[in-house]
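Please model the complete structure; the sequences and the hints are all you need to start from.
Chains G and E, in that order, give the protein sequences.
Numbering-wise, the first sequence is residues 1 to 289 according to this note's numbering.
Numbering-wise, the second sequence is residues 1 to 444 according to this note's numbering.
No false leads were slipped in.
Using 25 Å as the maximum straight-line C-alpha spacing, the simulated SDA-like pairs for lysine to any residue come out as follows:
hint : chain 1 : residue 1 : chain 2 : residue 2
1    : E       : K205      : G       : A11
2    : E       : K99       : G       : M19
3    : G       : K125      : G       : S105
4    : E       : K16       : G       : A27
5    : E       : K205      : G       : P26
Quick look at which bits of chain E chain G covers, simulated, 3 or more residues with Cβ under 8 Å:
hint : stretch
6    : 80-93
7    : 100-113
Beyond 12 Å from chain E on every Cβ pair, some chain G residues (computed):
hint : residue
8    : P167
9    : A173
10   : V193
11   : I232
Read the hints as simulated data drawn from the structure, not as lab findings.
Here the structure is a predicted model, which means the values were calculated and not measured.
Where is the CB? At the ideal position from N, CA and C, for every residue including glycine.
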Amino acid sequence: MQQISPRRDPAPSRLAYRMERLLLTPAFRRLLWVGVPVFCVSLAVGLYLSDQTRRDALSLMVENVKAKVRDRPEFMVKLMAIDGASPGVAEDIREALPVDFPMSSFDLDLPQMLREVSALDAVAKADLRVRPGGVLQISVQERTPVAIWRNDETLDLLDIEGHRVAPLANRAARPDLPLIAGVGAQKAVEEGVAIMAAAYPLATRLRGLVRVGERRWDVVLDDDQRILLPEIDPVPALEQVLALDEAQDLLARDVVSVDMRNKNRPTVRLGESAADSLRLVRLKELGVD
Amino acid sequence: MKDLYESQRAMRSMRKAAMQRGVIAILDVGTSKIACLVLRFDGPEGFDGGDGVGSLAGQSSFRVIGAATTRSRGVRFGEIDAMQETERAIRTAVQAAQKMANVRVDHVIACLAGGAPRSYGLAGQIEVEHTNVTEQDVARVMAACDVPDFGEGREVLHAQPVNFALDHRSGMSDPRGQIGNQLACDMHLLTVDGNVISNLLYCIKRCDLELAGLASSAYVSGISSLVEDEQELGAACVDMGGGATGLSIFMKKHMIYADTVAMGGDQVTSDISKGLQVPLAVAERLKTVHGGVVATGMDDRDLIEIGGETGDWELDRRTVSRAELIGIMRPRVEEILEEVRARLDGAGFEHLPSQQIVLTGGASQIPGLDGLAPKILGQQVRIGRPLRVQGLPQAATGAGFASAVGLCLFAAHPQDEWWDFEMPADRYPSRSLKRAVKWFKDNW
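Pasting the structure below:
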């Protein structure tokens with residue numbers, strides 16, 4: 001245990017050894033190389049932003065820059081152009097989009113506007129875009145009414161898909177369109193229109209169509225005469241009735257309804273007087289006085 | 001012995017954990033130097049040798065990414081003499097290797113040369129329970145080996161089954177699944193002084209490292225220095241280190257004997273120091289630069305300046321002829337080799353079919369040893385160098401690194417030892433689930 005010459009010990013001290021091993025630990029290394037700089041930067045930023053006035057100044061500056069960009073004349077929208085809409089619908093669209101021009105295109109919420117325009121009944125399809133030159137272009141495809149739907153108290157115009165197009169004040173305003181009624185009539189407008197087209201020989205007598213039980217159609221003529229059509233293939237059935245009418249003048253007689261629901265057995269219901277006279281004829285034939 | 005079984009198993013699981021992390025350190029605590037290698041295991045997929053080229057005994061699965069050597073301090077005769085000094089030396093080596101590898105290592109496999117290793121041959125025999133030999137039978141036959149009384153304070157370092165015999169067929173490497181009645185097993189047991197191990201363990205623990213394996217340096221230098229044929233046909237490896245000369249005998253790729261002669265290169269150095277009246281450092285330099293064991297006429301005229309810085313002109317201007325130096329070194333080298341010969345004879349090496357002896361270790365680099373050794377050890381002597389492993393620096397490829405390289409191979413592919421096999425069911429602690437299962441199997 002004698003002290004020899006004080007030569008330098010090449011061995012690392014226990015502490016140095018442990019320190020070196022710690023530095024070689026991957027997790028600690030990552031912490032040192034990533035964690036410490038991140039901490040320092042966040043500390044500096046945090047200290048800077050801890051003051052309210054600095055925060056306000058910073059947000060104001062950001063707002064200013066944003067406003068400067070937003071209000072450049074290149075981005076301003078000056079007017080709205082509506083294509084493909086009738087004057088009334090165009091008026092409705094302008095009403096639905098209360099935009100006061102000029103306005104920056106950054107402030108326009110085009111998806112929301114598109115939703116609003118599409119929500120209009122008369123609009124089938126809309127397309128919005130900002131055209132170069134500062135024009136908000138709205139291209140609209142209108143719904144075309146094909147039928148009038150009598151609905152409790154009101155009259156509505158329907159397009160081929162059964163979508164409501166516009167309310168109608170009175171029937172006489174659109175005499176060119178057929179009238180349909182009944183619960184669920186709007187769901188089968190296409191079929192109804194086809195039946196109406198087939199029924200053109202009766203045009204003068206035709207009052208309208210009634211949807212029965214949300215499954216089949218009744219053709220209503222004046223004098224409350226009805227043609228009850230089947231659920232399936234109503235148009236051929238109607239054509240059958242029309243052929244009968246052509247040949248034997250069926251509908252001009254005292255007939256209350258023609259029932260075509262069972263296509264194998266068309267049934268005719270007579271009016272009261274006709275039934276009575278038929279009964280008398282039958283009795284006479286049987287020889288009963 | 002149960003205690004040891006547990007600790008060895010713990011070391012094996014530690015080794016597995018280290019393999020999973022992919023980094024493990026090799027520590028060769030020698031008398032003259034402490035070498036630390038850092039290995040990285042990343043599977044053999046990097047190797048693409050093409051058809052017929054194997055993966056070089058598994059050594060392509062690892063790569064040396066850090067290597068450091070430091071002069072050993074506090075170690076004598078392969079045993080730790082001054083713990084603090086050794087601990088510092090280990091720290092130096094480990095830190096330098098870590099720095100080179102740029103990775104932190106937590107697990108270390110160490111080897112030691114000293115501790116007076118003693119070899120025992122064990123034999124056991126049992127009746128096979130069913131027709132086929134099962135894992136349990138192997139466990140039982142190993143448990144049936146009669147353990148000799150190796151004395152107080154000795155620890156088992158290696159316990160390797162070297163041979164299995166089933167009925168009359170001997171020389172099996174793996175009897176499992178074979179049909180037979182009597183299973184016999186030969187086991188090679190190597191014990192060392194327990195205190196030596198615990199000192200080493202303490203030093204390693206003080207360096208914040210976990211021990212993942214322990215091997216005898218005689219064994220691991222045999223692994224690295226003997227070529228495959230020599231291991232198969234039988235050969236002895238003599239690892240001439242600084243403070244201890246280890247010898248191991250291999251046969252059929254198993255170590256069957258290991259021993260240590262507590263003499264080595266340091267004794268040669270101290271002889272020179274005493275004979276020429278020079279400091280140890282000068283003696284070491286003289287030995288490595290001018291040393292030899294076979295003198296020729298030329299050597300008489302070859303005068304070596306001893307040098308010195310005492311200030312005394314007479315002392316500092318001394319010269320010595322190389323023949324004189326050889327005259328000092330040769331008797332000691334002869335003594336070491338004769339002692340090795342005696343140990344080999346005691347182990348019955350002359351009865352082995354192959355008499356190949358391979359000299360390795362730092363002291364085997366003395367010029368002229370290849371002329372001297374055959375006179376003592378027999379004709380089939382060669383000077384061996386360790387296998388080349390991937391990534392090993394050129395400076396660490398010499399004969400002095402035989403045990404370090406052997407430890408690398410040992411770390412990659414450890415030999416199955418007794419504790420790697422299953423425990424026999426009746427040795428389990430009571431209430432063990434396996435025991436219950438076995439009881440069910442036997443009774444239903």
